[in-house]
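> Chains as they are written, first to last, in my numbering: chain A, 1 to 75; chain B, 1 to 194.
Among the clues, some could well be false.
[Said to hold, decoys possible] Listed next, with one range per pair, are the computed distances between beta-carbon atoms: (1) A:Q39 with B:A136: 49 to 57 Å; (2) A:K22 with B:L137: 32 to 40 Å; (3) A:A25 with B:L194: 52 to 60 Å; (4) A:A25 with B:D11: 52 to 60 Å; (5) A:E29 with B:Q190: 48 to 56 Å; (6) B:D46 with A:M4: 51 to 59 Å; (7) B:A136 with A:A25: 38 to 46 Å; (8) A:M4 with B:K58: 32 to 40 Å; (9) B:A171 with A:S47: 19 to 27 Å.
Honestly, the hints are just simulated from the structure, not real lab data.
Everything numeric in this text was worked out from a predicted model, so none of it was measured.
Note that beta-carbon positions come from the ideal geometry of N, C-alpha and C, so glycine has one too.
Listed below, chain by chain, are the residues.
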Amino acid sequence: MASMPIVYTIQGCDACVKLIDKWNAEGVEFEERRADLSQEIMEEARSYGDVVPIIRYPDGRTEEGFEGGIGCYIG
Amino acid sequence: MAEKTSVVTSDRYKQGLTYGDYIAQINVNQDRFEQYYDTAGDALTDEDSAFFKEAVEKGCKVLVLGEDWCPDVYRGMPVIARVAEASGMEMRVFPRDANLDIADEFLNRGEFRSIPTAVFFTGDQEYLGHWIERPALAHKETAEIGQAIEREMAGRDEQAVREARRGQLNARFPAWQRDTVRELRELLEQKLGL
Numbered sequence: 001m002a003s004m005p006i007v008y009t010i011q012g013c014d015a016c017v018k019l020i021d022k023w024n025a026e027g028v029e030f031e032e033r034r035a036d037l038s039q040e041i042m043e044e045a046r047s048y049g050d051v052v053p054i055i056r057y058p059d060g061r062t063e064e065g066f067e068g069g070i071g072c073y074i075g
Numbered sequence: 001m002a003e004k005t006s007v008v009t010s011d012r013y014k015q016g017l018t019y020g021d022y023i024a025q026i027n028v029n030q031d032r033f034e035q036y037y038d039t040a041g042d043a044l045t046d047e048d049s050a051f052f053k054e055a056v057e058k059g060c061k062v063l064v065l066g067e068d069w070c071p072d073v074y075r076g077m078p079v080i081a082r083v084a085e086a087s088g089m090e091m092r093v094f095p096r097d098a099n100l101d102i103a104d105e106f107l108n109r110g111e112f113r114s115i116p117t118a119v120f121f122t123g124d125q126e127y128l129g130h131w132i133e134r135p136a137l138a139h140k141e142t143a144e145i146g147q148a149i150e151r152e153m154a155g156r157d158e159q160a161v162r163e164a165r166r167g168q169l170n171a172r173f174p175a176w177q178r179d180t181v182r183e184l185r186e187l188l189e190q191k192l193g194l
């Protein structure tokens with residue numbers, strides 16, 4: 001299991017940008033995986049949810065979307 | 001609105017990609033574009049093809065905004081490609097995120113950069129009308145399917161719920177592709193007086 005959150009994003013996703021801006025401002029360490037750049041990552045993201053941003057926390061929890069932003073459907 | 005002040009001039013329109021060139025440069029979902037291009041082959045009747053040919057005779061051409069990661073795009077854009085192929089209509093594709101000025105001219109409910117968006121023009125680049133995202137039937141049935149799954153699978157594992165929802169939505173797409181053709185026809189019937 002990864003030691004930091006993994007966030008699946010795509011370019012042009014408002015909610016993804018808001019989440020990453022927030023985490024950057026807070027100094028949160030995370031790994032971003034761009035689902036629009038590779039089929040492998042797209043399938044990985046789709047196995048965890050339908051709407052990016054999709055966050056996988058180190059404890060196994062998954063969250064979809066982000067407060068106040070328009071997530072993008074990839075399902 | 002668009003019309004004479006559109007950022008899509010004749011020269012800009014010509015810079016768009018053909019459908020084939022667009023598909024050749026996408027990063028993801030190539031197989032899904034192919035799958036829904038196949039099903040879209042059944043979406044047009046001979047009468048639909050004749051109708052769109054008539055629209056082309058009146059100079060109609062189409063611009064499509066899209067992104068390859070979006071399910072509405074890999075399901076909807078192939079329908080528009082089929083319409084273009086069946087009628088000889090010129091079609092140019094613009095990736096949305098590299099063409100936000102175009103996207104901002106055709107916002108969904110004045111707010112959202114929804115895709116796919118198909119914009120019809122005359123040969124003189126006069127704006128005719130546009131169609132956004134998916135047919136009304138798809139919006140209605142997506143909501144109904146989502147509600148029914150939530151009811152029937154309450155408490156079940158999230159992944160099982162997701163797969164069930166995807167399966168039911170995917171099964172409806174051939175019907176939604178036919179409805180896309182119907183809505184595109186209605187739009188052009190009104191705008192071109194056909």
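> Go ahead and decide if the range 51 to 59 Å is satisfied by the Cβ distance of B:D46 to A:M4.
holds, 58 Å
> Return holds or violated for the Cβ distance of A:A25 and B:D11 against the range 52 to 60 Å.
Violated, at about 42 Å.
> Hint says 19 to 27 Å; check whether the CB-CB distance for B:A171 and A:S47 agrees.
The hint (19 to 27 Å, Cβ to Cβ) holds, given that B:A171 and A:S47 are roughly 20 Å apart.
> Lying within 49 to 57 Å: is that true of the beta-carbon distance A:Q39 to B:A136?
Since A:Q39 and B:A136 have Cβ atoms about 31 Å apart, the given range 49 to 57 Å is violated.
> Does the Cβ pair A:M4, B:K58 satisfy 32 to 40 Å?
violated, 58 Å
> That 32 to 40 Å hint for A:K22 and B:L137 (C-beta), does it hold up?
holds, 37 Å
> Kindly confirm whether 52 to 60 Å is satisfied by the beta carbon distance between A:A25 and B:L194.
holds, 55 Å
> Is it true that the C-beta distance of A:E29 to B:Q190 lies inside 48 to 56 Å, as the hint says?
holds, 55 Å
> Determine whether the Cβ-Cβ distance between B:A136 and A:A25 falls within the hinted range of 38 to 46 Å.
holds, 40 Å
Hint violations for this structure: numbers 1, 4, 8, all remaining hints satisfied.
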